[in-house]
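Number of protein chains: 2
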Amino acid sequence: MTDLQIAKGVSLQHISSIAEKFGIDPDNIELYGKYKAKLPLNAINREKAQNSNLILVSAISPTPAGEGKTTMSIGLSEGLNRLGKKSTVVLREPSLGPVFGIKGGATGGGYSQVLPMEDINLHFTGDFAAIEKAHNLLSAIIDNNIQSKTNSLLLDPRTIGWKRVMDMNDRSLRHIIVGLGGTNSGVPRETGFDITAASEIMAILCLAESLSDLKKRLGNIFVGYTYDKKPIYAKDLKAEGAMTALLKDAIKPNLVQTIEGNPAIIHGGPFANIAQGTNSVIATLMGMTHSEYTVTEAGFGFDLGAEKFFDIKCQSAGLTPKAVVLTTTIRALKYHGGADLKSLTEPNVATLKKGLPNLEKHLENIGKFKMVPVIAINKFVSDTEEEIAIVKELAASKGIRVAVANVWAQGGEGAEELAKAVIEIVESEASAFKPLYDWKSSVKDKIATIATEIYGAEYVDYTAKANSNLRKITDLGLDHLPVCIAKTQKSLSDNPKLLGRPKDFIITVREIEIAVGAGFLIPITGDIMRMPGLPTRPSSEGIDINDDGEITGLF
Amino acid sequence: MTDLQIAKGVSLQHISSIAEKFGIDPDNIELYGKYKAKLPLNAINREKAQNSNLILVSAISPTPAGEGKTTMSIGLSEGLNRLGKKSTVVLREPSLGPVFGIKGGATGGGYSQVLPMEDINLHFTGDFAAIEKAHNLLSAIIDNNIQSKTNSLLLDPRTIGWKRVMDMNDRSLRHIIVGLGGTNSGVPRETGFDITAASEIMAILCLAESLSDLKKRLGNIFVGYTYDKKPIYAKDLKAEGAMTALLKDAIKPNLVQTIEGNPAIIHGGPFANIAQGTNSVIATLMGMTHSEYTVTEAGFGFDLGAEKFFDIKCQSAGLTPKAVVLTTTIRALKYHGGADLKSLTEPNVATLKKGLPNLEKHLENIGKFKMVPVIAINKFVSDTEEEIAIVKELAASKGIRVAVANVWAQGGEGAEELAKAVIEIVESEASAFKPLYDWKSSVKDKIATIATEIYGAEYVDYTAKANSNLRKITDLGLDHLPVCIAKTQKSLSDNPKLLGRPKDFIITVREIEIAVGAGFLIPITGDIMRMPGLPTRPSSEGIDINDDGEITGLF
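Going down the list, the sequences are from chains A and B. Residue numbers for the first sequence follow this note's numbering, beginning at 6 and rising by one. Residue numbers for the second sequence follow this note's numbering, beginning at 6 and rising by one.
It should be emphasised that the hints constitute simulated quantities derived from the structure, not laboratory data. Any given hint could be a false lead.
Any copy will do: because identical chains look the same in the list, a pair fits if it lies in one copy or spans two.
Calculated pairs, SDA-like style, for lysine to any residue (alpha carbon to alpha carbon, straight line, at most 20 angstroms) [what the hints assert, rightly or not]: (1) Lys13 to Glu35; (2) Lys154 to Glu546; (3) Lys234 to Asp30; (4) Lys39 to Ser22; (5) Lys445 to Ile165; (6) Lys495 to Asp345; (7) Lys39 to Ser21; (8) Lys13 to Gly197; (9) Lys477 to Tyr467; (10) Lys39 to Glu25; (11) Lys358 to Pro67; (12) Lys39 to Ser348; (13) Lys445 to Thr457.
Input sequences plus hints: build the corresponding full structure.
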């Protein structure tokens with residue numbers, strides 16, 4: 006059965022019932038049809054939220070297919086609910102563009118899904134569209150100001166880093182020239198489109214704690230310089246009020262349900278390389294206000310998403326996580342041991358053993374945040390008992406909890422062992438969360454701490470451009486911002502080919518971007534794809550809908 | 006009081022109550038918050054719809070500010086309801102882009118508004134975003150196919166007319182070059198962005214009668230030619246299934262309410278020059294299924310919007326309108342008499358009289374469709390009794406009904422006189438609708454009929470390019486399609502400077518575009534703006550929102 010078929014077999018509850026179960030009066034939610042709703046910001050209570058146990062689901066360095074963090078998060082939350090703990094899973098929203106490429110949806114899988122999956126994977130409640138609109142409004146205002154004769158800030162078009170965004174896999178928009186066609190149609194300049202998930206506004210929305218905080222952050226977006234080198238921010242263009250108005254609904258978190266009828270909150274979807282890679286602070290606080298356990302995930306491996314979750318999101322919002330679930334797959338361990346992608350389903354104990362150092366490094370990294378992990382082996386049909394035993398032995402030798410989680414095939418039932426381990430960690434107060442670095446350190450110190458402690462690099466090298474960027478950052482008075490390192494997810498290093506646990510490598514910072522609105526700096530360590538392309542045969546070719554509105558081919 | 010202030014003073018009813026009043030079980034609607042809903046397609050009943058009296062609100066040639074057709078339509082529907090006739094107003098959705106330019110919203114004005122105006126003017130229920138996505142998915146698929154090595158249709162990039170769209174006033178996107186940046190980022194080619202309302206998909210959605218009809222029309226979109234001159238349609242790229250899936254909710258009409266608590270349906274928003282300029286067929290049929298009177302409007306003046314409403318929409322969907330309301334303002338008549346824009350509020354009987362021929366020509370045009378009109382004088386504070394008397398005299402001399410409608414200041418009460426006139430026309434069965442031309446005529450005959458009969462031209466001239474386009478149209482077997490002439494709205498002629506009732510002019514067809522999906526040809530007679538720009542000081546600068554989510558500056 007495909008995920009879509011499984012999803013369609015579920016009899017959904019009206020979202021008002023889910024809201025009641027979650028603890029919000031159905032009169033106070035905004036329905037989007039019968040199965041989706043926006044939750045009101047005033048249903049967040051900081052004090053109550055502090056009593057919730059925040060669980061982060063992360064993963065070892067992933068294979069190209071991903072290791073199933075979303076599925077694991079959903080399954081774990083179901084499992085916790087089965088054990089009598091009121092739990093809510095809080096996730097990112099899927100990006101629409103990749104749905105028509107290769108990826109399919111991003112709403113879990115098998116019997117661990119959030120529903121209605123077709124809606125969540127398509128337009129959902131319009132949040133991405135609103136973010137796209139707010140982003141492109143600023144772009145239009147910038148080019149309009151350059152075109153303007155009387156209202157001009159004298160922006161130097163060559164200094165503008167603010168592009169446009171579209172939630173579409175469209176490689177032809179990566180590098181474009183706009184403003185052609187004569188004097189009435191703008192000033193020609195080089196620019197491009199990123200996918201909407203890569204918009205700084207996505208990052209901003211996911212760190213904002215209120216509409217006024219959102220507006221302030223939007224106003225702080227760095228646009229470029231005037232010809233006489235004065236920095237220009239969105240607020241200098243008086244753009245932030247209208248941009249915030251466009252986001253008035255997008256800032257509200259979305260309530261949906263899991264296959265087992267438990268509440269799920271899905272809100273925001275920033276990248277985990279150039280941005281913080283986790284759902285919104287508002288959604289997390291909403292989940293925590295109304296739940297004993299709040300299960301959330303951060304993008305890619307622990308080195309990327311989780312580090313940012315801890316150092317950027319948790320520090321920014323004052324969150325104290327209680328446990329880490331490290332999603333691990335037998336196939337990914339074999340991949341890190343040197344097996345090629347096609348042979349990952351074949352039993353191979355020797356290669357598996359060679360891949361274990363990747364897992365070990367991520368476990369060590371978790372310890373650097375004073376967090377206690379549980380290894381969740383995301384069960385695949387091809388896994389052998391012998392292979393699983395090897396991971397269990399490793400865990401035992403280190404005194405680390407491990408659970409096999411069969412969440413795809415069994416839903417919450419398959420996650421009960423994992424849920425028990427999580428409850429043990431929480432109830433024994435084993436974790437004592439501590440961020441890795443102090444935001445007040447110098448930018449180079451912050452980068453060096455992450456690169457050496459987490460990635461395992463020898464040291465950090467800076468290109469001339471990166472050093473020039475650093476001087477600009479100092480001039481703008483932005484040294485106090487945390488760093489959101491853009492790095493490949495395929496390796497702990499900045500070289501996607503170095504699998505396992507690379508050693509003796511250098512991290513090279515090529516440039517450092519400024520995301521003042523979001524509130525971080527982005528050291529770039531490689532080619533980061535911000536606008537994917539479609540494959541030769543896009544999955545859109547197989548998607549269809551009949552006259553009853555039933556979609557096929559989405560997965 | 007601003008429109009927004011008036012709107013905020015209204016105590017809104019829950020949209021479920023409006024649905025009940027309209028005649029649809031609230032269980033069958035999809036709520037979008039408390040005050041917006043999507044209506045199910047199965048609530049349309051063709052037989053019932055035929056019993057409804059369809060009233061078209063049109064206008065004389067407008068001033069740049071517009072003459073208030075939307076406000077008039079809303080007011081008239083309120084007036085009909087006050088007189089005991091169950092009436093629903095069916096309107097187009099506003100475009101978001103212009104909201105940040107000069108225009109403000111498009112939800113009526115004063116005491117004749119549809120609500121909630123902030124939501125309707127911003128993202129509403131996401132229809133425009135969905136249309137934009139479906140459009141740009143096809144664009145991405147086209148460029149992906151050009152990039153592809155193994156799946157290529159060998160499309161000649163120089164023949165592709167399909168651009169991208171964005172609902173934003175962004176002049177810099179009119180003429181762009183995409184696909185720069187090397188072999189991995191597409192094939193460089195010239196293209197551009199139109200505003201979303203100008204998308205052929207908007208026109209398609211508004212003429213489609215079901216999901217399968219929508220899919221068929223989307224598949225018929227003409228993309229361009231292969232290098233060996235074979236025409237390529239969207240279906241050749243297998244794009245129509247996924248595009249239709251993206252539109253599964255956008256095809257459903259939106260229910261909102263008027264200030265006086267009557268149902269209003271708002272759905273679709275195509276341009277009235279390059280497209281048919283009226284709301285969706287589905288929305289009109291939905292209104293007609295459940296109402297004794299269905300009041301709708303068509304864009305710009307009668308020569309543009311109404312001609313297309315009758316010849317394209319009514320013929321396509323088999324609709325029989327029963328009366329025409331010709332919205333007229335004293336200020337527009339003075340404008341056509343030669344007064345400059347700044348002096349329109351000053352009494353000026355002589356200039357007003359000079360402007361009457363514009364009104365007379367539109368009245369004659371209405372007669373050519375065998376329709377009976379009522380002149381609705383849209384009352385402004387600056388109008389004098391003497392000026393109004395002159396219009397009434399003209400009407401009396403021609404035996405045409407006329408009513409002063411004070412809909413802005415008085416809502417439905419101000420439209421009772423107009424509503425009575427409409428009821429008289431309907432109950433006396435005075436109209437005997439007949440389209441102007443037969444779709445089966447030759448393309449040049451169809452164009453000539455409209456140009457001479459409606460615009461008042463001497464004859465039609467064709468550029469070499471237009472004649473070449475005609476040969477292409479014949480080769481593709483598309484001569485049977487109706488013509489949707491793109492012409493300035495400012496004049497009955499194709500020269501925006503010829504006000505009043507121009508005579509002895511020639512219409513020049515510069516080129517003829519193909520909209521096979523929508524099902525019409527587009528003869529272009531002038532510079533048609535498909536992507537507006539922002540003004541020097543965009544209205545976005547004055548838009549703001551507070552922490553309670555209250556928006557200011559939208560109007």
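Consistency of the hints with the structure:
1. With identical chains, the CA atoms of Lys13 and Glu35 are at most 20 angstroms apart between copies only, with a shortest distance of 19 angstroms across copies and 24 angstroms within one.
2. For a Cα distance limit of 20 angstroms, the shortest separation of Lys154 from Glu546 across copies, 17 angstroms, qualifies, whereas the shortest one inside one copy, 47 angstroms, does not.
3. In this assembly of identical chains, Lys234 and Asp30 lie within 20 angstroms of each other by CA distance neither inside one copy nor across copies; the values are 53 angstroms within and 62 angstroms between.
4. For the identical chains of this complex, Lys39 and Ser22 are neighbours both inside a copy (10 angstroms) and across copies (17 angstroms), given an alpha-carbon limit of 20 angstroms.
5. For the identical chains of this complex, Lys445 and Ile165 are neighbours neither inside a copy (28 angstroms) nor across copies (54 angstroms), given an alpha-carbon limit of 20 angstroms.
6. In this assembly of identical chains, Lys495 and Asp345 lie within 20 angstroms of each other by CA distance solely inside one copy; the values are 14 angstroms within and 67 angstroms between copies.
7. Proximity of Lys39 to Ser21 under the C-alpha cut-off of 20 angstroms is found in both arrangements, the shortest distances being 8 angstroms within a copy and 13 angstroms between copies.
8. Within a single copy, Lys13 and Gly197 get their C-alpha atoms no closer than 39 angstroms, and across copies no closer than 40 angstroms, so neither meets the 20 angstroms cut-off.
9. Taking identical chains as interchangeable, the C-alpha atoms of Lys477 and Tyr467 lie at most 20 angstroms apart only when both belong to the same chain, with a minimum of 15 angstroms there against 59 angstroms between chains.
10. Within a single copy, Lys39 and Glu25 get their C-alpha atoms as close as 14 angstroms, and across copies as close as 17 angstroms, so both meet the 20 angstroms cut-off.
11. Proximity of Lys358 and Pro67 under a CA criterion of 20 angstroms is satisfied intra-copy only: 17 angstroms inside one chain copy versus 78 angstroms between copies.
12. In this assembly of identical chains, Lys39 and Ser348 lie within 20 angstroms of each other by CA distance neither inside one copy nor across copies; the values are 44 angstroms within and 54 angstroms between.
13. With identical chains, the CA atoms of Lys445 and Thr457 are at most 20 angstroms apart within one copy only, with a shortest distance of 18 angstroms there and 76 angstroms across copies.
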